[in-house]
Structures are given as structure tokens and as C-alpha cells.
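> These are the residues of each chain, in order.
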Amino acid sequence: MLSHSASNGDSRHAALASPPPLPPRRIGPRTAMILGFCALLGLMAFLYFDSIHTLNQLEAASARVRQQFLSRENTLRDVRFSLYESGNILREYALLNTDPATRDSYLRQLHELRGSANSTIEACLASLPHEQKPPFEKLADELSSYWLLAERIFVASPSAKTALSLPNLALAQHATVLSLTREVSTINEIDFREAEREISGAFAQTRHRIQVVGSVAFLLGVLLTASTILYVSRLEQHAREKYEESLRSERELKELSKRLVDAQEQERRAIARELHDQVGQSLTALLMDVQNISDASQPPPSFTDGLRKIKILAEECVAEVRNMALLLRPSMLDDLGLIAALQWQGREASRRYGLVVDIIDDHFADNLPEEHRTCVYRIVQEAIHNCVKHAHAHHLRVVVEDDSDRLILAIEDDGVGFDARRHRGMGFLGMHERVTRLGGVFQVDSAPGRGTRLHVELPLATPTRAEGVAS
Amino acid sequence: MKRLRVLLADDHSVMRSGLRALLERQQNLEVVGEADNGRDAVSLSSSLSPDVVVMDVAMPVLNGIEAAKSILKQTPSTCIVMLSMHSDESYVMRSLNAGARGYLLKDSAASELLSALDAVSRGKSFFSSAVRKLLAEDYIRVLRQKGIVDSYELLTAREREILQLLAEGKTNKEVASDLNISPYTVETHRGHILEKLGLHTPAELILYAVRKGIIH
Chain A
0 MLSHSASNGD SRHAALASPP PLPPRRIGPR TAMILGFCAL LGLMAFLYFD SIHTLNQLEA
60 ASARVRQQFL SRENTLRDVR FSLYESGNIL REYALLNTDP ATRDSYLRQL HELRGSANST
120 IEACLASLPH EQKPPFEKLA DELSSYWLLA ERIFVASPSA KTALSLPNLA LAQHATVLSL
180 TREVSTINEI DFREAEREIS GAFAQTRHRI QVVGSVAFLL GVLLTASTIL YVSRLEQHAR
240 EKYEESLRSE RELKELSKRL VDAQEQERRA IARELHDQVG QSLTALLMDV QNISDASQPP
300 PSFTDGLRKI KILAEECVAE VRNMALLLRP SMLDDLGLIA ALQWQGREAS RRYGLVVDII
360 DDHFADNLPE EHRTCVYRIV QEAIHNCVKH AHAHHLRVVV EDDSDRLILA IEDDGVGFDA
420 RRHRGMGFLG MHERVTRLGG VFQVDSAPGR GTRLHVELPL ATPTRAEGVA S
Chain B
0 MKRLRVLLAD DHSVMRSGLR ALLERQQNLE VVGEADNGRD AVSLSSSLSP DVVVMDVAMP
60 VLNGIEAAKS ILKQTPSTCI VMLSMHSDES YVMRSLNAGA RGYLLKDSAA SELLSALDAV
120 SRGKSFFSSA VRKLLAEDYI RVLRQKGIVD SYELLTARER EILQLLAEGK TNKEVASDLN
180 ISPYTVETHR GHILEKLGLH TPAELILYAV RKGIIH
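So the sequence lines, in the order shown, correspond to chains A and B. For what it's worth, numbering that gives the first Met the number 0 labels the leading residue of the first sequence as 0, then goes sequentially. For what it's worth, numbering that gives the first Met the number 0 labels the leading residue of the second sequence as 0, then goes sequentially.
These aren't lab readings, by the way, just hints derived from the structure by calculation. Errors might be hidden in some of the hints.
[As the list claims (entries may be wrong)] Listed below are the simulated SDA-like cross-link pairs for lysine to any residue, each with C-alpha atoms no more than 25 Å apart in a straight line:
#, chain 1, residue 1, chain 2, residue 2
1, B, K123, B, P59
2, A, K310, B, P201
3, B, K195, A, K310
4, B, K211, A, K310
5, B, K145, A, E347
6, B, K132, A, E141
7, B, K172, B, P201
[As the list claims (entries may be wrong)] Here's a subset of chain B near chain A, in silico, CB distances under 8 Å, partners left out:
#, residue
8, H11
9, G17
10, L21
11, Q25
12, V60
13, D87
14, D106
15, R131
16, A135
17, I139
18, D177
Note that beta-carbon positions come from the ideal geometry of N, C-alpha and C, so glycine has one too.
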């Protein structure tokens, strides 16, 4: 009789597939990618600020060079102008007259020219960097020699003038200074070209740097994009695998629990049948034989006493066996249907524990498939157990209804209740499991002091209903 | 004196042989056949036409309750005594609905079978004493637990009298001649009784009488 449980026990292990090992935790790729993105952003920021800074610098340098060139050219032009003017003055003085009044006027003009030329050249000298000063200093020296000679022409006596041939010296010096200005101008131009070349060199360098940094940033970007796509797709695949795995294990668990519940029910039925049919019937037959013997003859009193004791013992055994069988699995669930079995259960609860159980079946056809019948029966059994054990209820109301496609079971007690959000005993888990297995909905509603309400809905597939209670 | 012809139907052979041994010691009884399932019981009772069929409730192929219905459809005069392991009223009710006249628990069959056969052959009902006790206790307990007034108190003396006679298995006509009133009056009383007690069928009326301890 225990062959049921053995065969079920074997298949139970098969369903318990060991879970696949968890993949090792990976921190590497994510950190690397964050670092990569930081580097890329840093590189781009560097490129931006560096370029702007360099361009500003170059612009400033270019402007400065141009400015210097122009100011030196202006200085040279001024110097040339003063030479030119002073030459005119000397020439006029030599050609026209030498009266003292006119001479003073010429000398004053010459002083003015000298002053303006000197101040220009000094300003220019002050603005020049150290290494560029020598040509201008030389120019300034020669120019001041020229001025000395020129002034001496006015102040020297005519004899001295002729003796020293001052005008010739002055003219020679004039020519020297003039050629010097040209030289300085050339140098100035060369300097300018040099500076221009340096600036364009700096430009080229900057361009090169931008090219290099830009290419590196681009390559890094491509690399990061590729690795990000790879990483994300791998994560996605991983998540999908996980999801499928959890679905599978949930399915397996359901299957497992279904087998467990089935096995339990089959086992109970087998034991109940065994107890009831074999042991019970044998004892009953024994009783009858005893009765026959005691009726048959005129046995001595001690013999009759012994028989009476055997009879009492056998009667007790029969009652006990019957109760055990009924509690395991009431045969009326199969013989008479669900409502008869529920009513019997209610009467038993009333007899044993004083619990009043009302079974209301006004809208119930009582032709459920075997699985549904067992499910409802076990749920009511568990509810009665809860009422007696925990809820200390006095009254339990069970409503069974069905329509074309579903069965509704509502159970309500007036017991002490409990916090349904926090506590869920094994009994509720078992009920929930049975209902879920049949695709139904199971709800528990309870609060301390407010009793407990169970609501069960089971879907009914119309074709299977034909195999309900065999009448 | 005519011997009572009995058919035994039970799927357990030890049970059948025990019953047979019990019955064969009686002069006024005769076991005419044995069946080990419901369908055989139906066909044997049609071929042997026994006076009484002693029928196990739970049998393979066709259970005792359905077999009883079939037999009574063929020969309504057959008396059927159900033999059961169950004292619960669900089985008693189904058996009565099927038309059985007696309901006997297997563990008291040895001591009560002869009384049961005697009662049903005289047109009366018979219930094992354990069943009567249980039903009566349940009835009283439910009244107490629910705090309901016993509807029996609503019946008049005449109605109680008629209830007892009907529950003993008598027809309206028999009751009428017993009480010297017209069958129509009996029918009127009967309607009132059923209404006051919230009953609907003859089976329920008999069950009620058993609960109340009106019939033994």
C-alpha cells in the first residue's frame, strides 16, 4: 500500500535540479569604463582650454610684434625727418647770411629739432628689449655727434669754421647718420620677419598638438563606445538568462509542490482505504463470528464473559479504525460528493469542539472535478482546524457557489483574528499552494478582534466537470 | 409460514459469510443469493425477486445507494436494508432518499440484523441504535448551539400522532383508518407538519422522526 509514496519519492528528487553556480562578481569593466569616460572628458576639456589659451597668446604676440615694428619705423622716420630739416637749416644759414639775429633763430630751430629727435629715440630705446638696443644706441650716439657738429657751425668763428672745415664734417656726419637709419630699418625689418616666423611656428605647433590630442580623444571615444556596447549587451544577456532561470525554477517548484500534494492525497486515500476496507472489515467479521459463537450453543459462563470482552475490544477497534480512515480521507468525498463531506466535517467539529459550522450551498451543483473537490475539502478542514486551534471561534460560515466557469468559496469565522499582513502560518501556505496549483486566487482577510475571512476562487474548465462525482 | 427470502450484497466475502451464518440459523429466513457488487445485486434481485435485499453502501462497479434505486424501480415492493460503516446522517439521508427502509451499521449487524429484517418485512423503518442515538444527539446539540426553538413544539397533539404513524412507514390511507378520519384530512395534516418542521420529502420526515426519537 505504500508503493504510492515510494514512486513519488523518486521523481521528487529528479525535479530538484541543483541551481547553476553564480557568476563571479565583476567590478573591473565598470570601473574601467568610468575611468575611461573621465579621461575622455578631461582630454576634451584640456584640448578646449589649451587651444583657446594658445590662440590668445599667439594673437597677443603677433600684435606686439607688429606694434614694435611700427614704433621703431616711426622713430627712424622721425630721426630722418629731423636730419632732413637740420640739413635744410644748415644749408640756408650757409648760403644766405650770417647776421647774429638770424643765426639765433636758426640755432633755436636746430635745438628744437634735436630735442624732438632725442626724445623720440630715448622713448624708443626705453621700450626696446636689451638685445635689440645696440643698433639704436649706436644711432643715438652718431646722431648726438651730428648735433654737436651742427651746433658748432653756428657758434664757431668763420676762420675756425674754415680751418676745421666744419660744414664738410657736418655733412659727412649727416650722411653717416642717414645711412645708419637705413641699416637700423633693415635690421628692424629682419627682426620683424623673425618674429613673424616664430609666431607661425607656434601656430604650427599648436595645430600639431590639437591634431594629436584630438586623434587620441577620438580613438578613446571609439574604444569606450565599443566597450560600452559590449558591456551593456552582455549585461542584458545576463539579465535575460537570470530571468529565464528564475521562471524555470518557479515552474519546477510549482511542479514539485503539485506532486507533493498529489502524493500526500494519494497516500492518505490509500491508507484510509486500507484501514477501512481491510482492517475494519476483518474486525467486523470477527465481531460477527463472536456473535455467532455466543448465539450458537450453551457455553459455560466464563466462556461467554471472554467472548463479551473480545467483542467490546473489537468494537472499539472498529470505531477507532473508522475514525482514523475518515480523518485521513473521508470516503463520502468520493461516495456522496463535496457537500455531504463538508457537512459531515461540520457535524464532527460541532460534536468534538462545539464549533457551529454552517455549510451554505444554495448555488452549488456539486459536480466538481476530483482535484477541486479535494482542494475545497482540505481548505475547509484547515479552516476548522484554525478556528479550534487558534481563533477560538464559535461559529464558522462556509459558502460554496459555482457558476459556468468558476467556483467561489468564502469562509468566515467569529474568532480572535490575527494580523494578516504579518503572520502567515503553514496552514495558509498549504491552502494557498493548493489554490494556486489549480490556477485560482486565495485571499486572507483578518485583523485582531475582527475574525478571519478566506476567499477562494477557482477557475473551472467546463470539459473536466463531466468527470465529477460518479453517481 | 412463508420464509423471508433474503439477498446479500457486499463486496467483502468474510462479511457475506458472516451474515449468511447468522441468517441460516433462523427457521423463518432463507438466503437466496449473494452479490459482490451493485450491478450483480440489481440483476440477481430481478431474477430471484427476494423479499429483502441487505446491501452494502460502498461497493465497486455500482454503489449500494444507486443499486437500491434501480431495484426499487424494477420492483417497488422489495425491502432494502442498507449496511454501512458510516453512522453519519449524509449516508442515512442518501439511503432514505434512495428508498431504503432500514439503515444498519456493520458493527452492530450481528446483533441488530434480525430485528431490522423483522421490522422492514412488517413495513416499518429500522435504524441502528447507534445511528438513532447520534442523530438525536446532533439534533439537540444544534438546537442548543444555535439557540433555536424546537419546531416539534409547534405541532399539535393530532399532528404529532400523525407524524409518528407516517414515520413508521404507514400510508395516508392506513393512518386514516387507524385514526378513523378521512385520508384527505391526513393529507392536510401532513402538509402542515412538513411546513412547520421545514421538511420537504418523506425521507426527511423519517429522518426527523429518528432524530426526535419518535420511531425506534
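> Now tell me, hint by hint, if it's right for this structure.
Results for each hint:
no. : hint              : verdict
1   : K123/B <-> P59/B  : violated, 29 Å
2   : K310/A <-> P201/B : violated, 36 Å
3   : K195/B <-> K310/A : violated, 43 Å
4   : K211/B <-> K310/A : violated, 30 Å
5   : K145/B <-> E347/A : holds, 16 Å
6   : K132/B <-> E141/A : violated, 155 Å
7   : K172/B <-> P201/B : holds, 15 Å
8   : H11               : holds, 5 Å
9   : G17               : holds, 3 Å
10  : L21               : holds, 6 Å
11  : Q25               : violated, 10 Å
12  : V60               : violated, 11 Å
13  : D87               : holds, 5 Å
14  : D106              : holds, 5 Å
15  : R131              : violated, 15 Å
16  : A135              : violated, 13 Å
17  : I139              : violated, 11 Å
18  : D177              : violated, 35 Å
In terms of the numbered hints stated before, the structure departs from hints 1, 2, 3, 4, 6, 11, 12, 15, 16, 17, 18, listed from lowest to highest.
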